[in-house]
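Using full-length UniProt numbering, the first residue of the sequence shown is number 1, and each one after it goes up by one.
If you're looking for bench data, these hints aren't it; they were derived computationally from the structure. A virtual CB, placed ideally from N, CA and C, is assigned to each residue, including glycine. Be careful, since some hints might not be right.
Simulated restraints on C-beta separations [as the list claims (entries may be wrong)]: (1) A113 to L55: 51 to 57 Å; (2) R243 to R374: 19 to 25 Å; (3) V171 to R271: 23 to 29 Å; (4) Q366 to A158: 49 to 55 Å; (5) A154 to R175: 45 to 51 Å; (6) A154 to D266: 49 to 55 Å.
In silico DSS-like cross-links for lysine-lysine, where the CA-CA straight-line distance does not exceed 27 Å [as the list claims (entries may be wrong)]: (7) K18 to K163; (8) K18 to K221; (9) K163 to K23; (10) K157 to K176; (11) K157 to K23; (12) K176 to K221; (13) K176 to K23; (14) K221 to K22; (15) K22 to K163; (16) K163 to K179; (17) K18 to K179; (18) K275 to K22; (19) K346 to K275; (20) K179 to K157; (21) K18 to K157; (22) K163 to K176.
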Amino acid sequence: MALARPLGGVVFGHFGDKVGRKKMLVASLFLMGIATFAIGLLPTYASIGVAAPLLLLTCRLLQGFAIGGEWGGAVLMAAEHGDDSQRGFWSSWPQAGVALGNLLATGVLWVLAAVQSDAAFESWGWRIPFLLSAVLVGVGLWVRLSIEESPVFAEAKAEMATKETPHLPLVEVFRKYPKEVLVAMGMRMAENISYYLFTIISISFLTIYAGTADDKSLILKALLIGSVVHFVTIPLVGALSDRVGRRPLYLVGAVGVAAWSWVFFDLIASRSEGKIILAIVVGLMLHALMYSPQAAFFSELFGTSVRYTGASVGYQLASIFAGALAPIIAIELLGDASAGVSNVPKVAIYMTIASVITIVAVLVAQETRASSLRHDRVLQD
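Please model the complete structure; the sequences and the hints are all you need to start from.
Here is the structure:
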C-alpha cells in the first residue's frame, strides 16, 4: 500500500495540475470508497483459497493509490479557496478529517468489542467498519460535487492554455522545485513516525509488552479520548499558525515528540489508565503542532501549475521511509516481549533522529505564512 501512494500522488497530481483539483478529488474518493467497501465483502480463504489474500492485496493497493491523490486534492481545495490570512485554519480541516476518521473507526471498534465476542468479531464483525464506510463516502461525494473548482487553479489553467510548450507537472516539479520536495519529505519524518508511534505502535506495546492484552477497552478508550483531543487541537493550531507562522509551531512539535518519546512508553508500561491516556493525548497534541500547519505549508512551497503534483509527491514519498517503516522498525527495536521496557530507549533514539531530520528541514524552509498562492515560478520562467 505504501508503494502505491507515491504512484497515486504522481498520477492524480499530473491530472490535478492539468484538468483540475475537483475532478481528481472526486475520482480519488470514489476509488477509495469502492476499494474499502469491497474489503468488507471479500470471501474468506476457506471459500476461494489463495484468491482471497490476492483480492485483499488488490484492494489495499487501490486504497494506497487513491490516498496518494486524495490528500493533495483535499488540501489544495481548502488552501486555494480560502483567504491568504486564514489559510492555515481552513487548510487544517482536511487534516482534522484524519483524526475524525480515526475517532469514528475507534468508536466503532469500541462498540463492537462491547457487544461481540472475539469469535464473532473474527468471523464477521470485522466487516462492519468497512461496509459502514459507504455512508461516509456518500457524504464525501455529495460535499465534493457541490463545491466549485479552485479559482486559483482556474486562473493558472487559463494562462497555461496560452503557452505553446507542453505542461509536464512531474518534470517541472523536479526541475524547478527539487529543494521543496526534499524539504517536504524531511518535514514529514517526525510527523508521520510520531503518529504511528502514538497510535499503532502504542497498541502493540500495550498488548505485547505492557500486559494489557485482556483489557481491550482500556486501549480503545485511550485512543478514543486521544482522537477527540487531536480532532479539536488541529484546527486551533491551524488558526494559530496564521498568527505566529508555520515554522515555529512545526519546530515545537518536532522537538516535543522527540522529548515525549522518552517518557511515552514508561507511562504506558505503568498500566495506569490515567497515565496511558495522558501518554496518548499529549503525544497527539504534539503531533498536531506539525500536522495541522503542514497542509498550508506544503501548499505554499509550490507554484500553482505544479502544486498538486509537488505537494503530493513530497508528502507521499516520505510515507515510504517514515510511516510505512515505523511499525516494523519500532517493533524490531523493542525486541522480544520478555525484554519488557529495557529496549524502549532504542525507540526513543529512533524518534529523536527523525525529529532532527524534520528540524533541519523546517530550518531550511522559508516562512510562508500569508503568502499568496497566485504565483507560479514555472509560468514566469
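Q) Looking back at the numbered hints, which does the structure fail to meet, lowest number first? A) 1, 3, 4, 5, 8, 12, 14 and 18
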